[in-house]
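Trainee: With chain C held as given, fit chain D onto it using these hints.
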Amino acid sequence: MRRRITARVAPYAALAPVLCLLFVFLYLPLVADFDYSLHDWSSLSPTWRAAGLANFRGLLRDTLFWQSLRGNVLYAVVSLLFQVCFALVLAAVLESRMIGRRTSTCLRVAYFIPSILPITVIGLLWQVMYQPDVGLIDQAMNALGLGNFAHAWLGEPQTALPAIIAVSQWQWTGYLTVLFIVAIRAIPREIYEAAEIDGAGAWHRFRHVTVPGVRETTVLMALITIFGAMKVFDIVWVMTGGGPNNASQVLGSYMYRTAFRDDRVGYASAIAVVIFVLCAIIGGLQLHWSRRREAA
Amino acid sequence: MIPILRNWYAPGLPAKYGAHSLLALLAVVTVYPLVWVLLNSFKRSDDLFEASWSVPRAWHWANYGAAWRYGLGHYMLNSVLVTAVSVLAIVLLGALAAFVLTTHRFPGRGALHAVILGGLIVPPEVSLFPLFKIMLVLGIYNTYLAMILPDIAYGLPFTVLLLRAYMMLIPHEMAEASRIDGAGLLRCFWSIYLPMTRPALAAVALVQGMRVWNEFVFALTFVSRNALRPLTVGLTTFGDSLQTNWPVLLAGLVISFLPVLMVFLAMQRQFMGGLTAGALK
Chain C
4 MRRRITARVA PYAALAPVLC LLFVFLYLPL VADFDYSLHD WSSLSPTWRA
54 AGLANFRGLL RDTLFWQSLR GNVLYAVVSL LFQVCFALVL AAVLESRMIG
104 RRTSTCLRVA YFIPSILPIT VIGLLWQVMY QPDVGLIDQA MNALGLGNFA
154 HAWLGEPQTA LPAIIAVSQW QWTGYLTVLF IVAIRAIPRE IYEAAEIDGA
204 GAWHRFRHVT VPGVRETTVL MALITIFGAM KVFDIVWVMT GGGPNNASQV
254 LGSYMYRTAF RDDRVGYASA IAVVIFVLCA IIGGLQLHWS RRREAA
Chain D
26 MIPILRNWYA PGLPAKYGAH SLLALLAVVT VYPLVWVLLN SFKRSDDLFE
76 ASWSVPRAWH WANYGAAWRY GLGHYMLNSV LVTAVSVLAI VLLGALAAFV
126 LTTHRFPGRG ALHAVILGGL IVPPEVSLFP LFKIMLVLGI YNTYLAMILP
176 DIAYGLPFTV LLLRAYMMLI PHEMAEASRI DGAGLLRCFW SIYLPMTRPA
226 LAAVALVQGM RVWNEFVFAL TFVSRNALRP LTVGLTTFGD SLQTNWPVLL
276 AGLVISFLPV LMVFLAMQRQ FMGGLTAGAL K
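First to last, the sequence lines map onto chains C and D.
If you're matching positions, the first sequence starts at 4 in the numbering used here and goes up one per residue.
If you're matching positions, the second sequence starts at 26 in the numbering used here and goes up one per residue.
Extracted from the complex, chain C is given alone in its bound form (with noise of 0.2 Å):
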């Protein structure tokens, strides 16, 4: 009898230190931030006020909350040209028959090391990257006779947004080329047998096997990419803080300086969730096209 208790309790035991966890850590969080976005306060004054919806109203007033916004959307735009486009064109090459298999490999070892480094690291390499003295960037433009060109990047409004977003792109493509070398493997060889028996070229092939045949993986790559790209925060946060003069900010590092600069915290949280309604409509359709591609 006391066995069978046992053996009934046990799963949820089981269970119960990764709910505990998750729950503390991940979802109560979560729901706090729904309910700290309803009132006006912040954790040095006491005072705590009901605000109704005061702070999304005040978020669709502020031009900071909509430039930050244009942030993460020219952030998405520009990380599916590069981490989805580009990425399945150099997949694909990889993968053709012209590239030997060892070479192969050793091209994208190397295109993927960037994704494996410490934030920091990154962002420090890329800040001594674009100093204007010491830098490589600026150096390469006066050796190419492009001098006129070259920038304090990090330092000025308009070029600040567009160096981070670079990195980025820098960091994440060999990453997402991977991804998708692992898809195009997957596509049965006999296809493209097939296909080059009707005599389809290199370009027909390519656009008629492999682009179907990794459409999946495709649309997964694109929601995994934009999901980044509305929670980014941490490469924005290490190479300029959202500076100069607010130029590069995005939702993440606006929602952070807000909260823990500014010590605005309902008003931090308003953004939280919005950044969070954002990625949850992202993930679901994530997890449902990933769902779907196991099933099929």
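Any given hint could turn out to be false.
Derived, one-sided and incomplete: chain C residues facing chain D with beta-carbon distance under 8 Å [what the hints assert, rightly or not]:
id: 1; residue: Trp69
id: 2; residue: Val80
id: 3; residue: Ile122
id: 4; residue: Leu128
id: 5; residue: Val181
The following label-pair restraints were derived from C-beta to C-beta distances [unchecked claim]:
id: 6; chain 1: C; residue 1: Val34; chain 2: D; residue 2: Ala83; range: 54 to 62 Å
id: 7; chain 1: C; residue 1: Cys109; chain 2: D; residue 2: Ile195; range: 51 to 59 Å
id: 8; chain 1: D; residue 1: Val162; chain 2: C; residue 2: Arg105; range: 50 to 58 Å
Hints listed in this document are in silico derivations from the structure and should not be mistaken for laboratory results.
Note that the structure is a prediction, hence the values are computed from the model and not measured.
Every residue, glycine too, gets a C-beta built ideally from N, C-alpha and C.
Mentor: Coordinates of chain D only, in the frame set by chain C:
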């Protein structure tokens, strides 16, 4: 090994060389910044300004000693500690949860599974302030636990997803046979499933190890005592205090990316396998 497909392009020679040079150029652009850091980390400050392109005239190892003495050694110990504890907990707890969800039927299983997987779509970035409050309430703000516990929590959903997919391939009879033999849940897990999932466990440990080693946001927000900081955050303060001494800063960068790079190059197959299995970044 999956046979490699090389099907969609039958090359003419010019196209072949063109493609090779473009790919090589791309590889150089990708890796060169790291080589640049490595080379310049051995120079004296004035050499760096005069000729940042060239190979150092004299290899100035003292930069590394200086970087280490500035506190990098201590930051690295913190990183090792946080990573080791977190990864061990993620692997064990995640495997146990995946095991129960795969082999046992009980009321509420589907719902609990959904609760765990739902964590995949919650980015930690949105919850930083509430988490900060929770750390204060629990009294673990400014302790190792303030990094370790959220590191574990946000690693679990992905781990359970990956390990469950792997465990589904193990024949169910294994679990049933051991149950008939009277073995309890834990024994079946420990002596049958855990050994049989070893390759997947290794992949999970590598991927999560890299994630935790590189983790930045929790360490930035929940720890303000310099003595507890891991490398990622330690490096930023290090950078601030060394504003003008570039070579020492570069040596610090090398010290902090070399371990990850070595592990990656040594085990790149398992690494990429683990990362691509779940396709998350």
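Trainee: Report the numbers of all earlier hints that the structure fails to satisfy, in ascending order.
Mentor: Failing hints, ascending: 1, 2 and 7.
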